[in-house]
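*Asks:* Chain by chain, the residues:
There are 2 protein chains.
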Amino acid sequence: MFNIVLKGGDVLGADGQIRQTDIAISGSIITQIGTIPEPQANRVIDCRNKLIVPGFVNTHTHAAMTLFRSYADDMMLMDWLQTKIWPAEANLTSEDVYWGTLLAIAEMIKSGTTCFADMYFFMPDVAKAVAESGIRAVLSRGMAGVTPSANQALAESESFYNEWHNAGDGRITVMLGPHAPYTCPPDYLKKVTALAGKLGAEIHIHLSETAGEVADCTKQYNKSPIALMQELGVLDHGTLAAHCVHVSPEDIAIMKEKGVRVAHNPGSNMKLASGVAPIPQMLQAGICVGLGTDGAASNNNLDMVEELRLVATLHKVHGLDPLAVPAKAAVDMATVQGAKALGLGQVTGQLETGYKADITIFDMQQPHWHPRHDRISLLAYAASAHDVHTVIVDGKILLDNRQFTTIDQEQLFAEADRRGMQLVKKSHTK
Amino acid sequence: MFNIVLKGGDVLGADGQIRQTDIAISGSIITQIGTIPEPQANRVIDCRNKLIVPGFVNTHTHAAMTLFRSYADDMMLMDWLQTKIWPAEANLTSEDVYWGTLLAIAEMIKSGTTCFADMYFFMPDVAKAVAESGIRAVLSRGMAGVTPSANQALAESESFYNEWHNAGDGRITVMLGPHAPYTCPPDYLKKVTALAGKLGAEIHIHLSETAGEVADCTKQYNKSPIALMQELGVLDHGTLAAHCVHVSPEDIAIMKEKGVRVAHNPGSNMKLASGVAPIPQMLQAGICVGLGTDGAASNNNLDMVEELRLVATLHKVHGLDPLAVPAKAAVDMATVQGAKALGLGQVTGQLETGYKADITIFDMQQPHWHPRHDRISLLAYAASAHDVHTVIVDGKILLDNRQFTTIDQEQLFAEADRRGMQLVKKSHTK
Numbered sequence: 005m006f007n008i009v010l011k012g013g014d015v016l017g018a019d020g021q022i023r024q025t026d027i028a029i030s031g032s033i034i035t036q037i038g039t040i041p042e043p044q045a046n047r048v049i050d051c052r053n054k055l056i057v058p059g060f061v062n063t064h065t066h067a068a069m070t071l072f073r074s075y076a077d078d079m080m081l082m083d084w085l086q087t088k089i090w091p092a093e094a095n096l097t098s099e100d101v102y103w104g105t106l107l108a109i110a111e112m113i114k115s116g117t118t119c120f121a122d123m124y125f126f127m128p129d130v131a132k133a134v135a136e137s138g139i140r141a142v143l144s145r146g147m148a149g150v151t152p153s154a155n156q157a158l159a160e161s162e163s164f165y166n167e168w169h170n171a172g173d174g175r176i177t178v179m180l181g182p183h184a185p186y187t188c189p190p191d192y193l194k195k196v197t198a199l200a201g202k203l204g205a206e207i208h209i210h211l212s213e214t215a216g217e218v219a220d221c222t223k224q225y226n227k228s229p230i231a232l233m234q235e236l237g238v239l240d241h242g243t244l245a246a247h248c249v250h251v252s253p254e255d256i257a258i259m260k261e262k263g264v265r266v267a268h269n270p271g272s273n274m275k276l277a278s279g280v281a282p283i284p285q286m287l288q289a290g291i292c293v294g295l296g297t298d299g300a301a302s303n304n305n306l307d308m309v310e311e312l313r314l315v316a317t318l319h320k321v322h323g324l325d326p327l328a329v330p331a332k333a334a335v336d337m338a339t340v341q342g343a344k345a346l347g348l349g350q351v352t353g354q355l356e357t358g359y360k361a362d363i364t365i366f367d368m369q370q371p372h373w374h375p376r377h378d379r380i381s382l383l384a385y386a387a388s389a390h391d392v393h394t395v396i397v398d399g400k401i402l403l404d405n406r407q408f409t410t411i412d413q414e415q416l417f418a419e420a421d422r423r424g425m426q427l428v429k430k431s432h433t434k
Numbered sequence: 005m006f007n008i009v010l011k012g013g014d015v016l017g018a019d020g021q022i023r024q025t026d027i028a029i030s031g032s033i034i035t036q037i038g039t040i041p042e043p044q045a046n047r048v049i050d051c052r053n054k055l056i057v058p059g060f061v062n063t064h065t066h067a068a069m070t071l072f073r074s075y076a077d078d079m080m081l082m083d084w085l086q087t088k089i090w091p092a093e094a095n096l097t098s099e100d101v102y103w104g105t106l107l108a109i110a111e112m113i114k115s116g117t118t119c120f121a122d123m124y125f126f127m128p129d130v131a132k133a134v135a136e137s138g139i140r141a142v143l144s145r146g147m148a149g150v151t152p153s154a155n156q157a158l159a160e161s162e163s164f165y166n167e168w169h170n171a172g173d174g175r176i177t178v179m180l181g182p183h184a185p186y187t188c189p190p191d192y193l194k195k196v197t198a199l200a201g202k203l204g205a206e207i208h209i210h211l212s213e214t215a216g217e218v219a220d221c222t223k224q225y226n227k228s229p230i231a232l233m234q235e236l237g238v239l240d241h242g243t244l245a246a247h248c249v250h251v252s253p254e255d256i257a258i259m260k261e262k263g264v265r266v267a268h269n270p271g272s273n274m275k276l277a278s279g280v281a282p283i284p285q286m287l288q289a290g291i292c293v294g295l296g297t298d299g300a301a302s303n304n305n306l307d308m309v310e311e312l313r314l315v316a317t318l319h320k321v322h323g324l325d326p327l328a329v330p331a332k333a334a335v336d337m338a339t340v341q342g343a344k345a346l347g348l349g350q351v352t353g354q355l356e357t358g359y360k361a362d363i364t365i366f367d368m369q370q371p372h373w374h375p376r377h378d379r380i381s382l383l384a385y386a387a388s389a390h391d392v393h394t395v396i397v398d399g400k401i402l403l404d405n406r407q408f409t410t411i412d413q414e415q416l417f418a419e420a421d422r423r424g425m426q427l428v429k430k431s432h433t434k
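Chains as they are written, first to last, in this note's numbering: chain A, 5 to 434; chain B, 5 to 434.
Honestly, the hints are just simulated from the structure, not real lab data.
Check before you lean on any hint, since a few could be wrong.
The list treats identical chains as one, so a pair stands whether inside a single copy or across any two.
[Unchecked claim] Straight-line Cα separation of at most 25 Å, DMTMM-like style, residue types lysine to aspartate or glutamate; simulated pairs:
{"id": "1", "residue 1": "Lys262", "residue 2": "Glu42"}
{"id": "2", "residue 1": "Lys195", "residue 2": "Glu261"}
{"id": "3", "residue 1": "Lys223", "residue 2": "Asp325"}
{"id": "4", "residue 1": "Lys88", "residue 2": "Asp378"}
{"id": "5", "residue 1": "Lys429", "residue 2": "Glu162"}
In this text, all values refer to a predicted model and were calculated from it rather than measured experimentally.
Isolated chain A, as found in the complex:
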């Protein structure tokens, strides 16, 4: 007796091939892939005309920033941060972060994402939203060494790790989150690195997002941010590096040597005009690259299908190479490579027996899914995240025929709208 059987769907297997077959789930695990003639299960889902893929892995976001979605756009980066985002963030309460995170989780579940990496603050409230909603997450308390709360952030990171690492039925992993080299001076990064060694925690950090920060770092330390991180030992504990837009061939060699995993955020990089990361070169060097949406204030959604389309098309036009980042490579970055980037390559990101049942099911009965010469191409170049029909995480159905099973959507929208509006109003009346 299985818990769930997915019957007759087009399944993207771990070998990269798509076959019409069945998937059986027992507890939180995929226990069988192959034809099951008369399935005995608590729930059998008819998956004809559906494409079944590993749930998407969003390797970099700031979930609660959904509250600032559409608040400020089309601005210069520093103007945007200093006059809009930071004043609004200064008013955030732990409850705001809970509801903003839950809004992000709802959006991610509905668009097929089953696991995400977050860096923000009030992280116990983020973890609570993750635990309650049923999604999988890698959470980091953002730390800035240049602020008065620098030491508090270190202490909070340690207690957050001790309280929440492997919590939520094992769905929550905790990393340390030093924000970036330009907000964390070397002495502070050494403390972070020491804490990582003590806890056995990995590190999630922003690296080389803008040309300006690389120029400043080079001027101050005579080293690129990547080289500086290597020198300080930041790359010795397992590193998830967000952005890596402005990296040199020497930086890429260091990243390869240290096993740095990259969270590439094409949508955010485009909207903020950060630049185009040398992703084909990183892939060529054998670096693990996952995809992320970044926060909803700089994207402005958390749509992984959009990101996988962008990675497959942006690098073609940027390098004037129509063969750059083909469809399958883009889909892999959104799934299996994303899981590896989060250190969860043995847990999720593939449809394979023994892996966690983190599964996204697309409804293909839409005009843009016809005809079906190649389903991988359709997913990469034609699909919408809003074709997602059903989402399973850790063996539990979180989205059932487009309806949430763990989230009260009406209450969520009301709370998020009220809190988002209040935060903006407060920051204007200061």
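Based on the hints, put chain B in the right spot on chain A.
*Replies:* Here is chain B on its own, set in the frame of chain A:
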């Protein structure tokens, strides 16, 4: 007594402002915008929590190429055309074109597009699909002067114009469609221009899509394609120019002088690695720029929300300018500027009394539409075309709460799948 009243929606007005109000439709026309306390109408649609915008205008596609969607991707342009697309197209029948076009129309209606410009062949069958489905379209018989059918194409264009221009209750406009300078030698273009003058028809043409064609043209004629077109009089009858990726400041000056309207196709240009068109420079020069999807074989969908997101983000990262193509400019390109590009600026593309009731209604009760600090920003940076709830063209509801009213979806999918598969099979067995 109105025909339709849209009650209490958030309406994007012709002044660029969004207000919660009502819209009344009588016959094919918007007859009132403003509060209508107790509307008397055949149909009142509750539009609370809905965003009402002008229907999108897709200024360049090859609709029937939906049949080749996902057939061949991630290839070099000439390899793709010569080994895949042209052999498959050689087998197309008029019935195939009818069904492929209808699939495209279904996809466009479902994603909020109310008007499109098409260039293909078997155009009476394209027009039949337009007439039956209720969408608005600007149709051109593609003509290539270098093929044996060159003169036949001219004759067919003339009879197609005479039979179909202003047909379908006035929803169909016919332009002449010389394919491109590299497929239409100067003598042939002179014939096309003469025919345009005789009929009073405008011209839809591909110009300067790739660097290679510009280099070839310059080598052969010592002129850019734009300058050559000016010399041949091709720009004298009203011109819709698709792509214009590789244009110089001198070309832009000619385009401005001749009132050339541009169909910019960012998704296709990215996927085919054609390059990035100097759109900010064109806008600066006061050139009318609309957006197009190009055909589904080179995109691979017909999603105008995706195109308006791309125009708002691609040019930011390409020019390293976060202020390039702000949200409102992108929305305008997808609507009012698109209508102007097709010569329909007095007919559609705006929500204004006296204009045709070509209207797209978004359902905002989705996570990515919360909170709502700025609805234009939400449309440009967060929305999905699949949030489209209801679509009205020429005063008739074509999509009603996500269901087609004029198209049998099941029959359409079956025909399109069967025909798409057969065409590909045939081209392989030759």
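*Asks:* What are the numbers of the hints that this structure violates, sorted from low to high?
*Replies:* When the structure is compared with the hints, numbers 1 and 5 turn out to be violated.
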